[in-house]
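Chains as they are written, first to last, in my numbering: chain X, 1 to 470; chain G, 1 to 470.
Simulated from the structure, these hints should not be mistaken for laboratory data.
Please note that a few of the clues may not be correct.
Identical copies look the same in the list; a pair holds intra-copy or inter-copy alike.
[What the hints assert, rightly or not] Simulated pairs of lysine-lysine, DSS-like, Cα-Cα distance not exceeding 27 Å:
| hint | residue 1 | residue 2 |
| --- | --- | --- |
| 1 | K363 | K128 |
| 2 | K72 | K391 |
| 3 | K45 | K30 |
| 4 | K36 | K23 |
| 5 | K72 | K30 |
| 6 | K327 | K104 |
| 7 | K72 | K23 |
| 8 | K72 | K233 |
| 9 | K210 | K233 |
| 10 | K363 | K378 |
| 11 | K391 | K378 |
| 12 | K36 | K72 |
| 13 | K104 | K210 |
| 14 | K45 | K72 |
| 15 | K233 | K270 |
| 16 | K233 | K104 |
| 17 | K23 | K45 |
Read off the chains here:
There are 2 protein chains.
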Amino acid sequence: MLTYSFENIDSESMYEHLYRCIKQDILQEKLRAGEKLPSKRAFAKNLGVSTITVESAYAQLVAEGFLYALPKRGYYVCDLERKETAPLPPPPKPQTPAIQPAPKRTYWADFVGSSVARDMFPFSVWVKLLRDVTAGEDEATLLTDTSAGGIQQLRQAISDHLYQFRGMSIDPEQIVVGAGTEYLYSVLIQLLGRQWGYAVEDPGYLRLSKIYEKNDVATYHIPMDEHGIIPEKLEESGAEILHITPSHHFPTGIVMPVSRRYEFLSWASKGENRYIIEDDYDCEFRLAGRPIPTLQSIDVMEKVIYINTFSKSLAPAFRISYLVLPKHLVTRFYDTLGFYSGTVSCLEQMTLARFLSEGYFEKHINRMRNHYRALRDKLLAELRQSPLAGKVRISEENAGLHFLLELDTQRSDEEIRAAAEREDLRLSFVSQYYVSDQNRRPHVLVMNYSGLEERQIPEAVARLCRAVEG
Amino acid sequence: MLTYSFENIDSESMYEHLYRCIKQDILQEKLRAGEKLPSKRAFAKNLGVSTITVESAYAQLVAEGFLYALPKRGYYVCDLERKETAPLPPPPKPQTPAIQPAPKRTYWADFVGSSVARDMFPFSVWVKLLRDVTAGEDEATLLTDTSAGGIQQLRQAISDHLYQFRGMSIDPEQIVVGAGTEYLYSVLIQLLGRQWGYAVEDPGYLRLSKIYEKNDVATYHIPMDEHGIIPEKLEESGAEILHITPSHHFPTGIVMPVSRRYEFLSWASKGENRYIIEDDYDCEFRLAGRPIPTLQSIDVMEKVIYINTFSKSLAPAFRISYLVLPKHLVTRFYDTLGFYSGTVSCLEQMTLARFLSEGYFEKHINRMRNHYRALRDKLLAELRQSPLAGKVRISEENAGLHFLLELDTQRSDEEIRAAAEREDLRLSFVSQYYVSDQNRRPHVLVMNYSGLEERQIPEAVARLCRAVEG
Numbered sequence: 001m002l003t004y005s006f007e008n009i010d011s012e013s014m015y016e017h018l019y020r021c022i023k024q025d026i027l028q029e030k031l032r033a034g035e036k037l038p039s040k041r042a043f044a045k046n047l048g049v050s051t052i053t054v055e056s057a058y059a060q061l062v063a064e065g066f067l068y069a070l071p072k073r074g075y076y077v078c079d080l081e082r083k084e085t086a087p088l089p090p091p092p093k094p095q096t097p098a099i100q101p102a103p104k105r106t107y108w109a110d111f112v113g114s115s116v117a118r119d120m121f122p123f124s125v126w127v128k129l130l131r132d133v134t135a136g137e138d139e140a141t142l143l144t145d146t147s148a149g150g151i152q153q154l155r156q157a158i159s160d161h162l163y164q165f166r167g168m169s170i171d172p173e174q175i176v177v178g179a180g181t182e183y184l185y186s187v188l189i190q191l192l193g194r195q196w197g198y199a200v201e202d203p204g205y206l207r208l209s210k211i212y213e214k215n216d217v218a219t220y221h222i223p224m225d226e227h228g229i230i231p232e233k234l235e236e237s238g239a240e241i242l243h244i245t246p247s248h249h250f251p252t253g254i255v256m257p258v259s260r261r262y263e264f265l266s267w268a269s270k271g272e273n274r275y276i277i278e279d280d281y282d283c284e285f286r287l288a289g290r291p292i293p294t295l296q297s298i299d300v301m302e303k304v305i306y307i308n309t310f311s312k313s314l315a316p317a318f319r320i321s322y323l324v325l326p327k328h329l330v331t332r333f334y335d336t337l338g339f340y341s342g343t344v345s346c347l348e349q350m351t352l353a354r355f356l357s358e359g360y361f362e363k364h365i366n367r368m369r370n371h372y373r374a375l376r377d378k379l380l381a382e383l384r385q386s387p388l389a390g391k392v393r394i395s396e397e398n399a400g401l402h403f404l405l406e407l408d409t410q411r412s413d414e415e416i417r418a419a420a421e422r423e424d425l426r427l428s429f430v431s432q433y434y435v436s437d438q439n440r441r442p443h444v445l446v447m448n449y450s451g452l453e454e455r456q457i458p459e460a461v462a463r464l465c466r467a468v469e470g
Numbered sequence: 001m002l003t004y005s006f007e008n009i010d011s012e013s014m015y016e017h018l019y020r021c022i023k024q025d026i027l028q029e030k031l032r033a034g035e036k037l038p039s040k041r042a043f044a045k046n047l048g049v050s051t052i053t054v055e056s057a058y059a060q061l062v063a064e065g066f067l068y069a070l071p072k073r074g075y076y077v078c079d080l081e082r083k084e085t086a087p088l089p090p091p092p093k094p095q096t097p098a099i100q101p102a103p104k105r106t107y108w109a110d111f112v113g114s115s116v117a118r119d120m121f122p123f124s125v126w127v128k129l130l131r132d133v134t135a136g137e138d139e140a141t142l143l144t145d146t147s148a149g150g151i152q153q154l155r156q157a158i159s160d161h162l163y164q165f166r167g168m169s170i171d172p173e174q175i176v177v178g179a180g181t182e183y184l185y186s187v188l189i190q191l192l193g194r195q196w197g198y199a200v201e202d203p204g205y206l207r208l209s210k211i212y213e214k215n216d217v218a219t220y221h222i223p224m225d226e227h228g229i230i231p232e233k234l235e236e237s238g239a240e241i242l243h244i245t246p247s248h249h250f251p252t253g254i255v256m257p258v259s260r261r262y263e264f265l266s267w268a269s270k271g272e273n274r275y276i277i278e279d280d281y282d283c284e285f286r287l288a289g290r291p292i293p294t295l296q297s298i299d300v301m302e303k304v305i306y307i308n309t310f311s312k313s314l315a316p317a318f319r320i321s322y323l324v325l326p327k328h329l330v331t332r333f334y335d336t337l338g339f340y341s342g343t344v345s346c347l348e349q350m351t352l353a354r355f356l357s358e359g360y361f362e363k364h365i366n367r368m369r370n371h372y373r374a375l376r377d378k379l380l381a382e383l384r385q386s387p388l389a390g391k392v393r394i395s396e397e398n399a400g401l402h403f404l405l406e407l408d409t410q411r412s413d414e415e416i417r418a419a420a421e422r423e424d425l426r427l428s429f430v431s432q433y434y435v436s437d438q439n440r441r442p443h444v445l446v447m448n449y450s451g452l453e454e455r456q457i458p459e460a461v462a463r464l465c466r467a468v469e470g
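This is chain X alone, in the form it adopts within the complex (with noise of 0.2 Å):
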């Protein structure tokens, strides 16, 4: 009969020993298909071990398809069928070099990247609201809620939020949350449909565009003049879905006057399949005067669709965005979509709620304001005092986390940028946001703030000197 040793089983159970033991035989073939194995009781007994540690052993063994049970019968190897697959056991992995994923280069300064102030977020304030939702009443929704549209407590509040500072008036039924824009981008092109063209602005948000052809959708990338998307640039691309920053446009800073924008809603009406992506980004972060209203407020006919972040506002790493869809697709959203299960956890969800109910956001924003609006004004006065004043013109400077810096030089943009790196700083040009070759504005950089530390900039501002001068 069968025999196997138990010494030195080292921490593997009895059973185990024994699984893995019958197990490389057959894979051996030192026992072959159709053999039958010794009865349990009598196997036991020969190995001087317990029926349940055989019984076990045996499961193991018909769970994963090496052996099968016939009632009344006993236990049989099963022909593993091997034909024309790998050899058994497995040869070792075949040597794929280990991953070295390449390091991210860093700067002293950046000028491009989305950043956040360390010690900005109230850490304190956010690690006692969740301790509050979980000893709450509510322990069991927070366990199992996965609704498509986001938990209403957060709908709710978002839409307070809107209210208040946006003055939009909306249903929280319309509002659509989930782990980023760039997940909701894809959640529209589910809703509104892969067949039609998208069209985005030029210059833009780069990644926008990348996004919509991962997705597999036409994208159009509109010129654009001082106002906006040209329309008539757009009505000749024959794109049904526009999606814009009217608020304010990334990276020049133009703010949509509203003749453009009852062109663009007059556009959208026209069209049955015609829908409006109006990408709020960075409304929060306007530094003087009232917000601009929106796009969507101002919509009478249900062409709108909103789209705003707390990954901008809270901080990057948190992924919670939102869309306020039109009441018509509401109804689409939840009868097409409405088995996804939502992609914010509910600890989070219910945390931001009271955050914003309890008017935390608001001095969060308020307190980042303050400190960009420090920053920004910093390095306007550094710049104003360095050698580069009288050579530059800035301007856009009020609204989001940039503002522009035109440079009156001969060199190019990329010779200057080059320059700027060997300073280790990290700079960014409004030219390299155009997809289409023809009037790429050359000589203007896009100043992104918002990464540095203010005790840096005198120095930012001398090194940014010595690369544009050269």
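Position chain G against the provided structure of chain X, taking the given hints into account.
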């Protein structure tokens, strides 16, 4: 000169009030296109307000496109060019009825939905870990890390967990963390290509094929025999991507035997674009024996993509899942999709990383497993003492959170389901998970017991008996 009253302006600031008055006059064409506004100083004097107030109001109106400024000449009303657009001010919004989502039916006992028993989650540990994380040295990363694949700490912790728990030896770089498996399916489609056919199990998890369809990929429903998908039918379909649940098929509970696993690995090796997606959705809840080894661990050809989720093992409301990519696909992922931001908040990723690496996850799973085992045992015992005993066959009770209950009955599945509804029980049959009508196996209940409370069980079985016996 233009005059407005500043009485009774409530909580508005002076400049807001002035802004609104002028804007309204422009919209109502009391101020016409091209008309010049009073100079700031004269207007301020006339209104009895400060020049700053007028200046701010003008600036806002310029920003919104109602006025334009000519250097050294003053402010003029824009031409709103409102041809063909809605009349202004906007009429009341069209009377779309307020959205009343259909209230979700709840049941006295639900044998279908996955759920988590109240009080099963160690919230206090979670809050403590989050507090530790926010008080730690990584505060800066916490706010800004949005890596496409997930944060390093969590990928390392998952890799360790997979090694200990699943015997899988993988590089943390192979892991891609995302906000739920549904989201990760769409990532895989972007990674592997929308042009291929995707094969899924029939019967199977219907939501999966719905997701493929919403993502506009050709989806093939391949019939199964008692070992899983039938290889010949897969070959005939022409699909290139095979999505399977080899460790524990839903809903039949089939564990794919080794021979069939090798057949599929062999199938995949025959085409450059062929891949197998191994969905290991509930491997943590095998209630007897060792877990079944994964397909991923016997794949030497880099053809298997492993996917699993914490939404099952922690609780549904946590939206954290992950992929394990073969190494050559890691490179492709970062080349083509690495620009995406991650979809899970960094706070939750860090907290989960500690939850795993400090042993809390294992404790939690053990506790859940014991809880579910007790539920299952009680339910099986109750069934064996019920009038149904002898008229039902129970199978697949050792894995996942459901077992099969085969009824000896003349009544249709639909009849029994309707009778159960009247008993306020939610039931589902294996027959509901088929897409094709052939081979549809009747009279087999899928008994998901995860959402029950132990004290409900006697009454639930009594209701079940009444529903089945009519």
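Which of the listed hints are broken here?
-> Checked against the structure, the hints that fail are numbers 8, 16, while the rest are satisfied.
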